[in-house]
Amino acid sequence: MTETLDPWPFVAAAYALGVLGTALLTGWIWTQMRRAEARRESTRSR
Amino acid sequence: MHGFANPARFLRLARWLTPWLLLSGAVLALGALAWGLWFAPADRLQGDSVRILYIHVPAAWLGMGGWSAIAVASFTEIVWRHPLAAIAARAAALPGAFYTALCLITGSLWGRPAWGTWWVWDGRLTSMLVLLFLYMGYIALADAADRDGTGPSRIPAVFGLVGAVNIPVIHYSVLWWNSLHQPPSLGMATLAGKSPMAPAFLWPLLIATLGFSALFGGLVLARMRTILARAQAEARLRRKAATA
Numbered sequence: 129m130t131e132t133l134d135p136w137p138f139v140a141a142a143y144a145l146g147v148l149g150t151a152l153l154t155g156w157i158w159t160q161m162r163r164a165e166a167r168r169e170s171t172r173s174r
Numbered sequence: 265m266h267g268f269a270n271p272a273r274f275l276r277l278a279r280w281l282t283p284w285l286l287l288s289g290a291v292l293a294l295g296a297l298a299w300g301l302w303f304a305p306a307d308r309l310q311g312d313s314v315r316i317l318y319i320h321v322p323a324a325w326l327g328m329g330g331w332s333a334i335a336v337a338s339f340t341e342i343v344w345r346h347p348l349a350a351i352a353a354r355a356a357a358l359p360g361a362f363y364t365a366l367c368l369i370t371g372s373l374w375g376r377p378a379w380g381t382w383w384v385w386d387g388r389l390t391s392m393l394v395l396l397f398l399y400m401g402y403i404a405l406a407d408a409a410d411r412d413g414t415g416p417s418r419i420p421a422v423f424g425l426v427g428a429v430n431i432p433v434i435h436y437s438v439l440w441w442n443s444l445h446q447p448p449s450l451g452m453a454t455l456a457g458k459s460p461m462a463p464a465f466l467w468p469l470l471i472a473t474l475g476f477s478a479l480f481g482g483l484v485l486a487r488m489r490t491i492l493a494r495a496q497a498e499a500r501l502r503r504k505a506a507t508a
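Chains as they are written, first to last, in the working numbering: chain A, 129 to 174; chain B, 265 to 508.
Errors might be hidden in some of the hints.
As the list claims (entries may be wrong) - Non-contacting residues of chain B with respect to chain A, defined by C-beta distances greater than 10 Å in every case (computed):
| # | residue |
| --- | --- |
| 1 | Trp280 |
| 2 | Leu309 |
| 3 | Trp325 |
| 4 | His346 |
| 5 | Asp386 |
| 6 | Ala408 |
| 7 | Pro463 |
Said to hold, decoys possible - Short, incomplete list of chain B residues facing chain A, as computed with Cβ under 8 Å:
| # | residue |
| --- | --- |
| 8 | Arg315 |
| 9 | Phe362 |
| 10 | Leu366 |
Please keep in mind that the hints were generated in silico from the structure rather than gathered at the bench.
Only a predicted model underlies this, so the values are computations on that prediction, with no experimental measurement involved.
Where a beta carbon is used, it is the ideal one built from N, C-alpha and C, also for glycine.
Generate the whole structure from the sequences, applying the supplied hints.
Here it is as structure tokens:
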């Protein structure tokens with residue numbers, strides 16, 4: 129017996145993981161960078 | 265290359281380049297994904313599941329590209345003692361690990377409707393899983409070396425170089441061993457204009473790969489700026505504590 133699966137749930141899951149994962153990673157890395165650079169500036173003015 | 269050994273000069277370029285790479289990468293990647301999802305044709309044999317290609321292949325490319333960047337930076341650190349090389353290698357590790365994990369997960373999501381299974385222990389899938397473990401080992405090792413406080417350690421660089429042995433194994437695994445996995449989608453034939461893929465599939469794939477690569481470059485630069493800023497803040501605080 130061969131099983132035919134609807135591919136769309138798999139496609140949607142792959143795209144959601146790729147787009148959301150990349151957006152979360154980018155947001156987190158950007159925030160970390162801004163925080164680190166703000167801390168460096170605060171040590172300069174201290 | 266040694267012109268950028270000066271962190272101030274590197275930071276001037278990185279500050280300008282980071283948002284541009286992130287923005288252009290996001291626009292290209294999202295455009296190519298929309299193209300692949302709604303406008304590219306379905307495959308004759310695989311049907312609509314082939315659309316996973318546009319996210320799976322760029323993720324695989326960046327997983328392998330990330331470790332290649334670590335290996336080149338590690339070599340530069342060991343041979344020329346370039347001060348930014350160790351930072352570049354550490355900066356590439358986290359985005360590289362993320363895209364390797366994304367490649368494995370999207371491959372599994374593609375495998376279920378296309379092959380009828382989530383996973384097989386063949387050469388391509390297993391060597392990609394080994395790459396994820398190598399990334400985890402590198403991140404842990406670099407973190408431990410940085411916390412050690414005894415100065416720069418070359419152990420992560422040696423690990424980065426030795427781990428590069430896995431990259432050709434991943435690339436050639438589908439040619440060396442019998443596999444459910446198809447042969448490489450992008451390669452020298454693509455550069456020579458003789459790709460085995462039809463242009464309707466190839467163009468969105470090339471644009472998605474270009475977009476995700478630009479995003480990856482922006483993420484690596486942002487991580488480098490973070491590591492540099494932390495090191496400079498720590499150094500300043502130590503100097504102030506010593507003179508107080």
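Item to check | Structure-inconsistent hints, enumerated in ascending order | outcome: none
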